[in-house]
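Enquirer: Protein chains in written order, with the numbering used here: chain A, 31 to 499; chain B, 6 to 133.
These are calculated hints, taken from the structure and not from any lab test.
Bear in mind the structure is a predicted one, so any value in this text is a computation, not a measurement.
Note that beta-carbon positions come from the ideal geometry of N, C-alpha and C, so glycine has one too.
Don't take each hint at face value.
Stated by the list, open to error - Sample of chain B residues with no beta-carbon within 12 Å of chain A, all distances over it, derived:
(1) Gly-28
(2) Ile-35
(3) Arg-60
(4) Glu-105
(5) Ser-112
(6) Ala-113
(7) Leu-114
Stated by the list, open to error - Sample of chain B residues facing chain A (criterion: CB under 10 Å; computed from the structure):
(8) Ser-30
(9) Gly-32
(10) Tyr-33
(11) Arg-38
(12) Val-39
(13) Leu-47
(14) Thr-50
(15) Pro-56
(16) Ala-74
(17) Ser-76
(18) Lys-81
(19) Arg-109
(20) Trp-111
Said to hold, decoys possible - Listed next, with one range per pair, are the computed distances between beta-carbon atoms:
(21) A:Gly-452 <-> B:Glu-62: 54 to 62 Å
(22) A:Arg-110 <-> B:Glu-75: 31 to 39 Å
(23) A:Leu-277 <-> B:Gly-77: 29 to 37 Å
(24) B:Gly-77 <-> A:Arg-110: 26 to 34 Å
(25) B:Asp-104 <-> A:Trp-143: 55 to 63 Å
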Amino acid sequence: MKPEHPEARAADSLETQVDAWRAHLRRSRAITDADVAELEDHLREQIASLDAQGLSADEAFLVAVKRMGAIDALTREFAREHSDRLWKQLVLSGDGMGGGAEASGTHGSPRTWVALALAVAAGAAIKVPALFGVAFDPDQSLFYPLNIGFFTLPFIAAYFAWERPLPARSRAWLAAAFGLAAVLVNAFPFSLSPGDEPDTVVLTMLHLPIALWLAVGVAYVGGRWRGSEKRMDFIRFTGELFIYFVLIGLGGGVLIGLTFALFGAIGLDVEPLVQSWILPCGIAGATVVATWLVEAKQSVIENMAPVLARTFIPLFALVLLAFVVTMAATGRGIDVEREILIAVDLLLVVVFGLLLYSISARDPLAPPGLFDWLQLTLVGTALVVDVLALWAIGARISDFGFTPNRIAALGMNVVLLVNLAGSAVRYARFLRGGGGFTRLWNWQMSYLYVLAGWAAVVAFLFPPLFGFR
Amino acid sequence: MTINKDLVAASSTPLVLAILAEGDSYGYAILRRVRELSGGELEWTDGMLYPVLHRLERSGLVESRWEEAESGRRRKYYRVTRAGREQLAEERRQWRTVDEALRRIWSALSECARTHGSLVFTPAEPSS
Chain A
31 MKPEHPEARA ADSLETQVDA WRAHLRRSRA ITDADVAELE DHLREQIASL DAQGLSADEA
91 FLVAVKRMGA IDALTREFAR EHSDRLWKQL VLSGDGMGGG AEASGTHGSP RTWVALALAV
151 AAGAAIKVPA LFGVAFDPDQ SLFYPLNIGF FTLPFIAAYF AWERPLPARS RAWLAAAFGL
211 AAVLVNAFPF SLSPGDEPDT VVLTMLHLPI ALWLAVGVAY VGGRWRGSEK RMDFIRFTGE
271 LFIYFVLIGL GGGVLIGLTF ALFGAIGLDV EPLVQSWILP CGIAGATVVA TWLVEAKQSV
331 IENMAPVLAR TFIPLFALVL LAFVVTMAAT GRGIDVEREI LIAVDLLLVV VFGLLLYSIS
391 ARDPLAPPGL FDWLQLTLVG TALVVDVLAL WAIGARISDF GFTPNRIAAL GMNVVLLVNL
451 AGSAVRYARF LRGGGGFTRL WNWQMSYLYV LAGWAAVVAF LFPPLFGFR
Chain B
6 MTINKDLVAA SSTPLVLAIL AEGDSYGYAI LRRVRELSGG ELEWTDGMLY PVLHRLERSG
66 LVESRWEEAE SGRRRKYYRV TRAGREQLAE ERRQWRTVDE ALRRIWSALS ECARTHGSLV
126 FTPAEPSS
């Protein structure tokens with residue numbers, strides 16, 4: 031009954047068959063490589079035994095596979111026994127995550143230690159000014175709110191500079207950029223005492239981190255800033271970092287609350303300790319830890335920012351649409367108050383963020399779908415609201431006077447308006463079938479320069495321009 | 006004869022533990038032993054043995070190690086632990102109880118068939 035072709039050919043085809051079987055098993059996350067090895071040993075033993083009974087290699091393989099059981103049933107059984115494997119685990123100890131091959135980058139790897147060392151260094155650095163009597167409490171001095179970026183962002187940049195091989199020249203540039211910015215901002219003759227702080231301090235405080243974030247981006251992409259794909263990765267990283275930071279912050283809040291409660295129970299007031307140590311060191315350390323977490327889980331857990339963006343895009347679109355329709359139906363105009371510009375700016379920031387993160391997760395080659403229309407609706411209505419608000423403000427802007435705050439807010443509005451208008455045009459063209467999605471993508475990625483540039487202008491040029499008022 | 010699925014599942018733990026109590030073994034050999042013991046009547050789907058082994062390992066009843074087999078392949082050997090032996094003793098008591106109860110009722114049934122056999126198979130005589 032043996033087939034006529036030579037033994038070698040039979041063995042060869044058996045190997046291919048076993049390979050295919052193995053590949054099939056591997057597809058299930060419930061079955062690890064070790065399990066596959068164990069099952070394969072069984073299969074080969076069975077084949078050998080059938081072979082000894084006179085079956086051909088093909089027949090033996092078929093019988094052995096049949097006896098092993100249907101792969102679906104098998105994986106179901108493994109999944110029931112190892113249900114934990116169906117949850118992608120990111121553990122900080124033990125032998126890896128999810129039992130996959132991507133187990134590198136966790137416990138014991140130098141990355142972990144470098145990240146922890148940098149987190150400790152950031153926590154220590156933030157306490158250095160305190161040695162010279164500067165209080166962390168923003169009610170006492172604005173030094174920390176102004177400089178917080180310099181105690182956190184360079185450490186994130188340092189992590190990337192170490193982790194990616196960043197060229198020496200880029201390193202020098204980064205160090206120079208951070209150093210120069212720090213010197214410049216602190217050399218400004220602002221009054222940093224709260225209560226009578228000038229507008230320009232607050233503006234610098236708000237815009238400085240955005241401008242510095244671009245420097246972190248340079249470190250993130252390993253100095254290769256060209257190519258929108260790299261920049262998009264940085265945007266993805268930013269979203270995840272934000273989410274992780276918020277989550278860590280929530281945990282930190284619980285920790286601090288419990289600290290208060292426990293020490294309060296024995297009659298000790300820990301507020302000074304929390305204010306001057308736990309809070310600043312925690313914030314500085316958390317940024318680095320969050321960075322490392324995002325990097326470690328990158329390939330393991332689905333990105334959250336796009337999920338959130340996709341969840342909220344329909345809701346925001348609905349609310350904005352309802353707002354515009356109500357305005358048109360009732361004929362009510364926008365009440366021009368001082369905060370209106372800020373409110374509209376915030377709206378544009380949110381819409382910009384939703385659009386950016388939705389784009390970051392969209393397959394550029396996918397054909398236009400219903401969701402794209404929703405997104406275009408969102409952007410379109412946001413633009414309408416913005417134009418209406420600007421219209422209402424425009425008439426009275428001279429009554430309010432051109433304060434630095436107002437110019438910064440107006441500038442931000444224009445920057446975002448141009449971005450969203452450009453996006454809407456490209457999106458509409460894409461939906462009508464003219465031009466690929468990558469045009470929208472490239473538009474957004476090139477626009478990062480404009481955003482960071484505007485932030486830098488406000489942070490560094492506004493104070494001298496307005497005489498540090 | 007095919008044996009009921011629940012029965013196969015229930016007997017798998019004592020069978021595997023007992024086979025491992027004979028000596029350390031690996032999947033294929035355990036299955037061969039099961040077949041041998043049951044005269045080929047107890048047929049497990051081969052692959053299903055492994056989730057059982059992994060469950061026993063996780064509950065600490067057996068432990069495993071990788072070794073090089075004579076074929077040159079790496080093979081996972083299992084060995085029963087102390088907790089496993091205790092569990093085996095417990096299983097054994099339980100199965101003996103079930104077995105004894107079943108034996109009694111089987112013999113009672115045959116007894117019944119013997120004494121009342123005539124009543125069953127020949128019509129009862131009219132009482133009047």
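Enquirer: Is the gap between the beta carbons of B:Asp-104 and A:Trp-143 within 55 to 63 Å?
Expert: Holds: the Cβ-Cβ distance is about 59 Å, inside 55 to 63 Å.
Enquirer: At a threshold of 10 Å, is the proposed contact between B:Gly-32 and chain A supported by beta-carbon distances?
Expert: Holds, about 5 Å.
Enquirer: Checking the smallest CB distance to chain A, is B:Ala-113 really beyond 12 Å?
Expert: holds (39 Å)
Enquirer: Against chain A, run the beta carbon of B:Leu-47 and see if the smallest gap drops under 10 Å.
Expert: It is violated, given that the least Cβ distance between B:Leu-47 and chain A is near 14 Å, above 10 Å.
Enquirer: Hint B:Ser-76 vs chain A: min CB-CB distance below 10 Å?
Expert: Result: holds, 8 Å to nearest chain A Cβ.
Enquirer: Measuring from the C-beta of B:Pro-56 to each C-beta in chain A, is the shortest one below 10 Å?
Expert: holds (4 Å)
Enquirer: Are B:Gly-77 and A:Arg-110 spaced within 26 to 34 Å by their CB atoms?
Expert: Because 33 Å falls inside the window, the suggested range holds.
Enquirer: Does the claim that B:Ile-35 lies outside the interface with chain A hold up, using a Cβ gap greater than 12 Å?
Expert: violated (10 Å)
Enquirer: Please check whether B:Arg-109 passes as an interface residue: C-beta within 10 Å of a C-beta belonging to chain A.
Expert: violated (36 Å)
Enquirer: Please settle this one: B:Gly-28 was flagged as non-interface, so is its CB more than 12 Å from every CB on chain A?
Expert: Check passes; 17 Å lies beyond 12 Å.
Enquirer: May I ask you to test the interface hint for B:Tyr-33 with respect to chain A, counting a Cβ-Cβ separation under 10 Å as satisfied?
Expert: holds (4 Å)
Enquirer: The output says B:Ser-112 does not contact chain A. Does that hold with a beta carbon cutoff of 12 Å?
Expert: holds (38 Å)
In terms of the numbered hints stated before, the structure departs from hints 2, 3, 8, 11, 12, 13, 19, 20 and 23, listed from lowest to highest.
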